[in-house]
Structure formats: structure tokens, C-alpha cells
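So the sequences go chain by chain: A and B.
According to this note's numbering, the first sequence holds residues 179 to 368 in order.
According to this note's numbering, the second sequence holds residues 179 to 368 in order.
A hint or two may mislead.
Since the list can't tell identical chains apart, any single copy or any two copies may satisfy a pair.
Distance condition first, Cα-Cα at most 20 Å in a straight line; then the derived SDA-like pairs of lysine to any residue [said to hold, decoys possible]:
(1) Lys336 / Leu184
(2) Lys313 / Ile272
(3) Lys228 / Arg250
(4) Lys336 / Asp239
(5) Lys313 / Glu365
(6) Lys218 / Glu240
(7) Lys327 / Ser216
(8) Lys327 / Thr220
(9) Lys332 / Leu194
(10) Lys185 / Tyr256
(11) Lys228 / Tyr200
(12) Lys327 / Asp186
(13) Lys266 / Pro322
(14) Lys336 / Leu315
(15) Lys327 / Pro215
(16) Lys218 / Ser196
(17) Lys332 / Gly318
(18) Lys332 / Pro322
(19) Lys219 / Asn197
(20) Lys185 / Tyr249
(21) Lys218 / Leu194
(22) Lys218 / Glu326
(23) Lys228 / Arg208
Source of the hints: derived by calculation from the structure; they are not laboratory data.
All of these numbers come straight from a predicted model, not from anything done at the bench.
2 protein chains.
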Amino acid sequence: MSKTELKDEGNPWTLLGSNVMYDNPWIHVRQDDVLDPSGKKTIYGVVSAKHLAIGILPLDDEYNTWLVGQYRYPLGKYSWEIVEGGGKFDVDPIESGKRELLEETGITATDWQHLMTIHTSNCIADETAHLYVAKGLTFGESQPDSNEKLQVAKVPFKEVYEMVLDGRITDSMSVVTILRAHALMQEGKL
Amino acid sequence: MSKTELKDEGNPWTLLGSNVMYDNPWIHVRQDDVLDPSGKKTIYGVVSAKHLAIGILPLDDEYNTWLVGQYRYPLGKYSWEIVEGGGKFDVDPIESGKRELLEETGITATDWQHLMTIHTSNCIADETAHLYVAKGLTFGESQPDSNEKLQVAKVPFKEVYEMVLDGRITDSMSVVTILRAHALMQEGKL
């Protein structure tokens with residue numbers, strides 16, 4: 179129980195008008211004309227994600243997991259990550275996670291545990307990410323999208339944790355999931 | 179030491195052309211015409227952040243920290259977070275962090291420890307966040323930007339950790355910082 183009372187305050191911004199600045203199948207960018215919290219007239223450019231972000235840490239009985247490696251175009255860098263994908267807003271994110279895990283790794287899992295839901299970049303965007311651990315694994319053939327070029331690697335979880343600590347894994351969804359999973363393991367809860 | 183060899187591969191995308199779709203003082207949005215990894219012609223909309231993101235967890239000798247509450251306009255939600263701000267790319271992020279901590283909380287700190295650097299949303303944006311713990315605190319007057327409307331609350335770190343676990347804190351930079359700081363405390367290293 180929290181002893182500190184933290185009261186949320188309301189919205190101190192006033193919306194005056196809004197214009198679509200960019201739109202594609204994945205993101206929508208609008209510019210709002212607003213009065214800021216001090217009452218000054220200004221603008222706010224808002225990026226909306228058109229999908230839920232979903233991250234999955236599959237975990238077998240020997241505490242191995244599967245990482246996905248891919249070139250992340252916006253960063254211009256290669257990145258090793260947990261299994262990630264997008265889900266439709268009207269689909270249960272666990273169902274989208276099951277589809278993504280199967281496509282990218284060929285794994286199906288019977289035991290899905292929600293770890294955390296985060297907002298990845300709340301100053302710029304509204305993107306929401308749901309993060310899971312998946313256990314009870316069965317292995318089949320991966321079914322990658324033909325337009326993706328992924329590597330999949332089986333890695334002991336303790337090595338993956340080291341990759342977070344030494345900066346080889348930097349993706350926020352992966353970092354949160356791996357840090358939280360490690361804490362649960364330390365507490366004997368995972 | 180990692181025993182698993184994970185080889186980064188190169189860039190499988192081919193850039194054909196690029197157009198600026200939106201620009202304001204904080205973000206830049208471009209649409210690239212590309213060949214995707216399968217060779218198919220398509221587009222990629224990339225959001226670039228014009229500042230480094232910087233997050234600071236101030237910590238006093240009794241393991242209290244200071245949270246900042248504010249309405250996050252892109253989310254349309256009130257959010258409690260560690261101290262956060264933007265830094266210029268050509269300024270040492272610790273110097274930007276010192277300025278931000280002073281402005282928002284009135285705190286100066288002598289001992290800055292880099293915890294982690296993350297990419298907040300690497301499928302959409304190139305935003306990079308540097309995360310710190312700041313100790314050796316001295317307290318003065320905050321100097322908030324007149325256009326911000328912030329609450330600042332002193333909270334025991336163990337309550338802040340509970341706020342992450344129960345979903346009251348969802349901001350990715352805050353979640354990563356608090357989870358990592360907690361692990362370091364458990365190991366007697368913070």
C-alpha cells in the first residue's frame with residue numbers, strides 16, 4: 179500500500195484545433211493548436227501508433243529464451259530483442275502475442291503471464307506496449323513475414339540479462355521485460 | 179561473458195528517396211521510399227527526436243526519491259515519473275540532467291551514476307534516452323519552465339518500486355530506471 183498520496187491533476191492544455199500532418203498504415207501524425215498550461219498559444223505535434231506494441235519473453239524449463247535480431251530502420255542499427263510485434267486494438271493482445279511468437283520463432287506457449295504495460299515515449303507518442311512471459315513451450319516451424327529479415331537465437335536467460343546490463347540490448351520493451359523477469363526469478367516467482 | 183555468439187547482420191533495406199513530411203522544434207517526420215528486406219518497394223515513415231531524452235532518479239541517504247507528475251498530452255493521461263527532460267545532442271547528457279533536475283525539483287547532486295541507455299520506440303522513432311541515478315543531494319528552489327505545470331513529490335523508493343509493479347508508473351524511462359535501481363539496491367550496489 180502506498181502511504182504517499184499522489185493526486186493526479188486534470189488536463190491543463192486547451193485544444194483550439196487539429197490538423198493531420200502525416201498518415202501511413204503504421205503511424206498518424208497530427209499537429210494540435212493549443213493553449214499550453216500557462217495559457218500561451220503554441221502547437222503540439224502528436225504521433226499516434228496504429229497498433230498495440232506487444233513483447234513476449236518465451237521461457238523454457240531450463241530458463242532459455244529466444245531473441246530476435248533485426249535491423250531497426252528508424253535507428254539505423256541492428257538490434258537484438260525479445261519477440262515483438264503489433265496487434266490490432268480490438269484484438270486481445272495475448273492473441274496477437276501468440277500469433278507473433280508463432281510467426282517469428284515457431285513456438286506455441288500454453289502459459290501466458292502479463293508482466294507489465296508501458297508507454298514507450300509519452301512526450302512524443304501514444305504508443306502502448308503490453309509485455310508477457312510465455313511458458314509451456316512447444317516447438318514448430320517459424321512463419322516469418324516475407325518482408326522481414328530476422329535472426330532467431332536460443333539464449334540462456336542469464337546471458338540475456340547480462341546483455342541488458344552491458345548495453346547490448348537497448349530496446350525499451352526488451353529491457354523492461356528482462357529486468358522484471360529477472361526480479362521475479364530472484365524472488366522465486368518465475 | 180556471453181557464450182552465445184550473436185552476429186549482427188547489415189542493413190537489408192535500400193533507400194530510394196526521402197521526403198520531409200512534418201517538422202516542428204521537437205520532432206521531424208520523414209517518409210523514405212525503400213526496398214524492404216525482400217526487395218519489395220514500399221515506404222517507411224520515421225520519427226526523429228530533436229533532443230536526447232534524459233531521465234534522473236534522485237536518491238537521498240534515506241532512499242527517498244522525487245517524482246514529477248504531469249499531464250502527458252500525447253497520451254491524454256496524467257503520469258507520475260522520474261525527473262525527465264530533453265538535452266541538446268552536443269551537450270553532455272549529465273550536464274543536461276543537472277539542469278533539468280535543478281529546474282524541476284531545485285535539487286543539485288554531486289554523484290551521478292549512469293544506469294542505462296535505451297531506445298524508447300525503435301520501430302517508429304530514433305529517440306535515445308540516457309538514464310541516471312543522482313546522489314549527494316542539496317536542496318534549493320525549483321525553477322520550472324513557465325509553460326509547464328508540474329507536481330513534485332518526495333516518495334520513499336520502495337513505494338516508487340511498488341508503483342511500477344502495480345501499474346501506477348507506466349513511462350518506459352521511469353520503469354527501466356526504477357527496476358534497474360531496485361536490482362542494484364538488492365545487490366548492495368546502490
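We went through each hint and held it up to the structure:
no., hint, result
1, Lys336 / Leu184, "between (36 Å within a copy, 15 Å between copies)"
2, Lys313 / Ile272, "within (13 Å within a copy, 40 Å between copies)"
3, Lys228 / Arg250, "both (18 Å within a copy, 19 Å between copies)"
4, Lys336 / Asp239, "within (14 Å within a copy, 31 Å between copies)"
5, Lys313 / Glu365, "within (18 Å within a copy, 27 Å between copies)"
6, Lys218 / Glu240, "neither (58 Å within a copy, 40 Å between copies)"
7, Lys327 / Ser216, "between (48 Å within a copy, 8 Å between copies)"
8, Lys327 / Thr220, "between (42 Å within a copy, 15 Å between copies)"
9, Lys332 / Leu194, "neither (52 Å within a copy, 35 Å between copies)"
10, Lys185 / Tyr256, "between (41 Å within a copy, 10 Å between copies)"
11, Lys228 / Tyr200, "both (13 Å within a copy, 18 Å between copies)"
12, Lys327 / Asp186, "between (44 Å within a copy, 12 Å between copies)"
13, Lys266 / Pro322, "within (18 Å within a copy, 39 Å between copies)"
14, Lys336 / Leu315, "within (19 Å within a copy, 34 Å between copies)"
15, Lys327 / Pro215, "between (45 Å within a copy, 6 Å between copies)"
16, Lys218 / Ser196, "within (17 Å within a copy, 34 Å between copies)"
17, Lys332 / Gly318, "within (14 Å within a copy, 51 Å between copies)"
18, Lys332 / Pro322, "within (17 Å within a copy, 48 Å between copies)"
19, Lys219 / Asn197, "within (16 Å within a copy, 29 Å between copies)"
20, Lys185 / Tyr249, "between (42 Å within a copy, 12 Å between copies)"
21, Lys218 / Leu194, "within (12 Å within a copy, 41 Å between copies)"
22, Lys218 / Glu326, "between (45 Å within a copy, 11 Å between copies)"
23, Lys228 / Arg208, "both (13 Å within a copy, 17 Å between copies)"
Hints 6, 9 from the list above are not met by this structure, while the remaining hints are.
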